[in-house]
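Engineer: Listed here are the chains, written in short residue letters.
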Amino acid sequence: MYYPSQKKPPRTLYKFPGGLHLPDNKAQSTTESTVRAALPGKLVLPIHQHIGAPSQIAVQVGDRVLKGELIANPQGRISAAVHAPSSGTVCAVAEHAVPHPSGLPALCVVIETDGQDAWGELPPAIDDFEHCEPGLLLERIRASGIVGMGGAAFPTSVKLEPENSRRIDTLVINGAECEPYITCDDMLMRERPAEIVAGIAVMKRLTGAANCLIGIEDNKPEAIAAMTRAVEQQGVADIELVVIPTLYPSGGERQLIRVLTGKEVPSGGFPAHIGVVCNNVGTAKAVADAVLLGRPLISRYITLTGEGVANPCNLEVLIGTRSNELIAQAGGYTGREQRLIMGGPMMGFTLHADNVPIVKASNCLLAASAREAPNPGPATACIRCGMCAEVCPVSLLPQQMYWHARAKDLEKTQEYHLFDCIECGCCSHVCPAHIPLVQYFRFAKNESWDQERERKSAELARRRHEAKLARLALLEAEKIARAQKKKAALARSKPANRETDAGSDPKKAAIEAALKRAAEKKARLAQQGVKPQNTDNLTDAQRRQIQQADTRREQLTDNVVSDDSAQTGASKDS
Amino acid sequence: MQFVTITSPHTDRPNSVTVTMLWVIIALVPGAAAMTWYFGWGIVIHMLLASAAAVAAEALVLRLRGRPVVPAVSDLSAVVTALLLAIALPPLLPWWLTVLGIVFAIVVAKHLYGGIGYNPFNPAMIGYVLLLVSYPVEMTTWLPPIMLNQHPLDLMQTMNAIFGGTLPPGLDWDALSMATPLDEMRNQLNQNKMISEIRRSPLWGDFGGLGWEWVGNWYLLGGLILLYKRIISWHIPVAMLGSVLFMAMLFHFLDQESHPFGLFHIFSGGTLLGAFFIATDPVSAATTRKGQLIYGTCIGLITYVIRRWGGYPDAVAFAVLLMNMAAPTIDYYTQPRVFGERSAGDD
Ligand code: SF4
Ligand code: SF4
Numbered sequence: 001m002y003y004p005s006q007k008k009p010p011r012t013l014y015k016f017p018g019g020l021h022l023p024d025n026k027a028q029s030t031t032e033s034t035v036r037a038a039l040p041g042k043l044v045l046p047i048h049q050h051i052g053a054p055s056q057i058a059v060q061v062g063d064r065v066l067k068g069e070l071i072a073n074p075q076g077r078i079s080a081a082v083h084a085p086s087s088g089t090v091c092a093v094a095e096h097a098v099p100h101p102s103g104l105p106a107l108c109v110v111i112e113t114d115g116q117d118a119w120g121e122l123p124p125a126i127d128d129f130e131h132c133e134p135g136l137l138l139e140r141i142r143a144s145g146i147v148g149m150g151g152a153a154f155p156t157s158v159k160l161e162p163e164n165s166r167r168i169d170t171l172v173i174n175g176a177e178c179e180p181y182i183t184c185d186d187m188l189m190r191e192r193p194a195e196i197v198a199g200i201a202v203m204k205r206l207t208g209a210a211n212c213l214i215g216i217e218d219n220k221p222e223a224i225a226a227m228t229r230a231v232e233q234q235g236v237a238d239i240e241l242v243v244i245p246t247l248y249p250s251g252g253e254r255q256l257i258r259v260l261t262g263k264e265v266p267s268g269g270f271p272a273h274i275g276v277v278c279n280n281v282g283t284a285k286a287v288a289d290a291v292l293l294g295r296p297l298i299s300r301y302i303t304l305t306g307e308g309v310a311n312p313c314n315l316e317v318l319i320g321t322r323s324n325e326l327i328a329q330a331g332g333y334t335g336r337e338q339r340l341i342m343g344g345p346m347m348g349f350t351l352h353a354d355n356v357p358i359v360k361a362s363n364c365l366l367a368a369s370a371r372e373a374p375n376p377g378p379a380t381a382c383i384r385c386g387m388c389a390e391v392c393p394v395s396l397l398p399q400q401m402y403w404h405a406r407a408k409d410l411e412k413t414q415e416y417h418l419f420d421c422i423e424c425g426c427c428s429h430v431c432p433a434h435i436p437l438v439q440y441f442r443f444a445k446n447e448s449w450d451q452e453r454e455r456k457s458a459e460l461a462r463r464r465h466e467a468k469l470a471r472l473a474l475l476e477a478e479k480i481a482r483a484q485k486k487k488a489a490l491a492r493s494k495p496a497n498r499e500t501d502a503g504s505d506p507k508k509a510a511i512e513a514a515l516k517r518a519a520e521k522k523a524r525l526a527q528q529g530v531k532p533q534n535t536d537n538l539t540d541a542q543r544r545q546i547q548q549a550d551t552r553r554e555q556l557t558d559n560v561v562s563d564d565s566a567q568t569g570a571s572k573d574s
Numbered sequence: 001m002q003f004v005t006i007t008s009p010h011t012d013r014p015n016s017v018t019v020t021m022l023w024v025i026i027a028l029v030p031g032a033a034a035m036t037w038y039f040g041w042g043i044v045i046h047m048l049l050a051s052a053a054a055v056a057a058e059a060l061v062l063r064l065r066g067r068p069v070v071p072a073v074s075d076l077s078a079v080v081t082a083l084l085l086a087i088a089l090p091p092l093l094p095w096w097l098t099v100l101g102i103v104f105a106i107v108v109a110k111h112l113y114g115g116i117g118y119n120p121f122n123p124a125m126i127g128y129v130l131l132l133v134s135y136p137v138e139m140t141t142w143l144p145p146i147m148l149n150q151h152p153l154d155l156m157q158t159m160n161a162i163f164g165g166t167l168p169p170g171l172d173w174d175a176l177s178m179a180t181p182l183d184e185m186r187n188q189l190n191q192n193k194m195i196s197e198i199r200r201s202p203l204w205g206d207f208g209g210l211g212w213e214w215v216g217n218w219y220l221l222g223g224l225i226l227l228y229k230r231i232i233s234w235h236i237p238v239a240m241l242g243s244v245l246f247m248a249m250l251f252h253f254l255d256q257e258s259h260p261f262g263l264f265h266i267f268s269g270g271t272l273l274g275a276f277f278i279a280t281d282p283v284s285a286a287t288t289r290k291g292q293l294i295y296g297t298c299i300g301l302i303t304y305v306i307r308r309w310g311g312y313p314d315a316v317a318f319a320v321l322l323m324n325m326a327a328p329t330i331d332y333y334t335q336p337r338v339f340g341e342r343s344a345g346d347d
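Note that the protein sequences, when read in sequence, are chains A and B.
Residue numbers for the first sequence follow my numbering, beginning at 1 and rising by one.
Residue numbers for the second sequence follow my numbering, beginning at 1 and rising by one.
Mixed in with the good hints, there may be bad ones.
What the hints assert, rightly or not - Okay, derived cross-link-like pairs now, DSSO-like style, lysine-lysine, Cα gap no bigger than 30 Å in a straight line:
#1 A:K263 / B:K290
#2 A:K468 / A:K486
#3 B:K290 / A:K408
#4 A:K15 / B:K290
#5 A:K487 / A:K516
#6 A:K412 / A:K456
#7 A:K412 / B:K290
#8 A:K15 / B:K229
#9 A:K485 / A:K468
#10 B:K229 / A:K26
#11 A:K487 / A:K468
#12 A:K15 / A:K26
#13 A:K468 / A:K408
What the hints assert, rightly or not - Heads up, incomplete: computed chain A residues facing chain B, CB under 8 Å, no partners named:
#14 F16
#15 F349
#16 T350
#17 A353
#18 P376
#19 C382
#20 G386
#21 H417
#22 H429
#23 C431
Simulated from the structure, these hints should not be mistaken for lab results.
Every residue, glycine too, gets a C-beta built ideally from N, C-alpha and C.
Given the sequences, and given the hints that come with them, work out the whole structure.
Structural biologist: Below you can see the structure in the form of structure tokens.
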């Protein structure tokens, strides 16, 4: 096995709890070097391939687009642009099957390619990025539609944005690729190491990190060798390549950070909270393309493997290419395919059909045979053997969370730290009772979010209702007051009339009561600190906090809903 | 093309309850063989009888509960319960007591609580304690080990004794039976004899009773198999054996003449069987690592305390059942620190 020559003594590595040694099944797809997939006749581009707000379509049916041309604009800070991966004509803007565990279709821009693959006008290359304004670099990364390519698809520009309050001291580059079967990062590191290192240099400049650690599992000697050479050749200071032991899920963002730095990302927090930013090698390459070539993210490496595929391999594919076309290029199905999985066996999700397009976060298409992924059969009762807890990389007690999730006791599941679960699948894998634990945890998370949403909307409705009542009371009071004024004026014009006076008394009382009610209501609303009225007076820090909380929520939601992380965690190795 | 959709992980699951139980059975073989060697065919007969009764009782209950019978019975957990109970029974115990014990264990201790995974108490120990409390004489009528046994019974004679209650002509129960070493030691100590005096009798070996002391080694071997196969973790056995040894040694050094040497307690009675096979029953034990240490330690302490001061010569079963009750609480208060959670001692 090849280990990089290191002048310094080898770095101390740290352990995370649990983990699994899995048969890696990576050799099948690494026998040949990566080739570019044939230009497909149609490209299907979902406008929501990332965590955050869907982007806004900027083209119309019938428009001619060139390769690299923007077809959807990011909306808001956490969003990502989408570009045309090849030249052609927009033939539809419609719902199409997309790779999502729900199996529901989503809005896509469909381009009929013209076969010319003609580039549009690209923004100029930024060669001297060391002296370029960080804002400009960030804008380039954002405009290039770059998201985390390890599976989480979180917009990279947001991750790299220097926050004045936090100092980033370490940039962690994720080349661990711990999931069995997936080899696209491995191949990328073997074949494009210089670009990856260039991208790392850009990211290092942006984050201001003093150190950069590239973590690669020791089952990828070729990648380690190639990356070591590239780091040496490019002479970027303070980039250290660290070979880490192969142990699933060491490629999970939090797990990798722990292995390399010994630090633990706080529960519910971000790596930035401990001065770390983590990015995937594929993302680094995309950053290099965007900054040094001006090219947006329109293609990626993807692994096609499993016993259901005739020639397992890696392909460089245009985003939007449909899976069945790629499978055909890998020699087609063998007839043994049982499940088609987007992502790896541990965290990937099954596709209903093979006509879904490849998106920015797709790292693997696994056509698993019945031997590779047999149906585990019906679950039996938990025997409390504790095997699940032993392998959990977060030190959770899956058997307890399962117990409470089954009883739909969501609060209890959260007491057992449900939301720290990264859905790595270790627990389900080892469970002798074959309980689909992860499925229960996903369900419990979704239920919790639904409840939260419901609670929130109920709260909102209640506030609206009260505000409306207050408004009505006010109106009524005004009306009465006006009427009274009129009457008073009338009374003044006439001599005093005892009877009318007596009659006006209850009315006066009514007016007063209404006024009082309105005032009370107002006071109550003010006391509750009804947010919409207060947002104007927020400090910058508060606003940032709110934004962060929103991002976090969104990230979490998306992660489970789309569950598309072939690897781990909320903001996993984006 | 359409595909099945199943949630992750998409892997060949390496473990199953049946395989786990099978390994427990395999790990019991050395101990059971040793018991058979020292005490004759009775052990085998009770094991077979208990297994058959357990499977029949389980099938019946499952049918009554309207649950699928075959998958539940084929997990072998009932057989494991049966073997663990049978191996603890005196070799010539009347057959109907064995059946009573195991049926009670399966029907009441296991299925009335909801079946495998839901039983708070170790079913085998419930069956054992039921028999011990209801039929103390029968349950303490042991045979002497082979080297002390002047009239070893052959297979047919053993069957007659178990199923018919008849002994070969010229033999009676008193002549045949003998107390267990724990019982013997206790009785002698109660007569205010000194250990040095007691041990002069030919009944004793190096640590415990002649013959008896070696059975424990074979349970230990089985335990190592379970540890190696990662079916149990070391926490409960080590904690339990450690605390028994600690207590025994402590009192031994305080008063050598009325407290036997520490290893006597390890190699006598159900200590080793209990430590590796009974206290580690996952369903009824504590599951967190810290909890398992506490759980094991307490079982060891209670075992020693009852043996020394309580009313029964052995106490592993009582200790296990007592701690079964505490297991959920122990688990609750010993949750591991979640990755990324700060604890008081954190930097
Ligand atoms: S691994 Fe399965 S059977 Fe064992 S404790 Fe966890 S959930 Fe229960
Ligand atoms: S899926 Fe969640 S509970 Fe299960 S092992 Fe992974 S992190 Fe732990």
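Engineer: Now tell me if each hint is right for this structure.
Structural biologist: Each hint tested on the structure:
| no. | hint | result |
| --- | --- | --- |
| 1 | A:K263 / B:K290 | 23 Å, holds |
| 2 | A:K468 / A:K486 | 27 Å, holds |
| 3 | B:K290 / A:K408 | 27 Å, holds |
| 4 | A:K15 / B:K290 | 19 Å, holds |
| 5 | A:K487 / A:K516 | 22 Å, holds |
| 6 | A:K412 / A:K456 | 20 Å, holds |
| 7 | A:K412 / B:K290 | 21 Å, holds |
| 8 | A:K15 / B:K229 | 23 Å, holds |
| 9 | A:K485 / A:K468 | 25 Å, holds |
| 10 | B:K229 / A:K26 | 27 Å, holds |
| 11 | A:K487 / A:K468 | 28 Å, holds |
| 12 | A:K15 / A:K26 | 24 Å, holds |
| 13 | A:K468 / A:K408 | 36 Å, violated |
| 14 | F16 | 7 Å, holds |
| 15 | F349 | 6 Å, holds |
| 16 | T350 | 4 Å, holds |
| 17 | A353 | 6 Å, holds |
| 18 | P376 | 5 Å, holds |
| 19 | C382 | 5 Å, holds |
| 20 | G386 | 4 Å, holds |
| 21 | H417 | 5 Å, holds |
| 22 | H429 | 5 Å, holds |
| 23 | C431 | 7 Å, holds |
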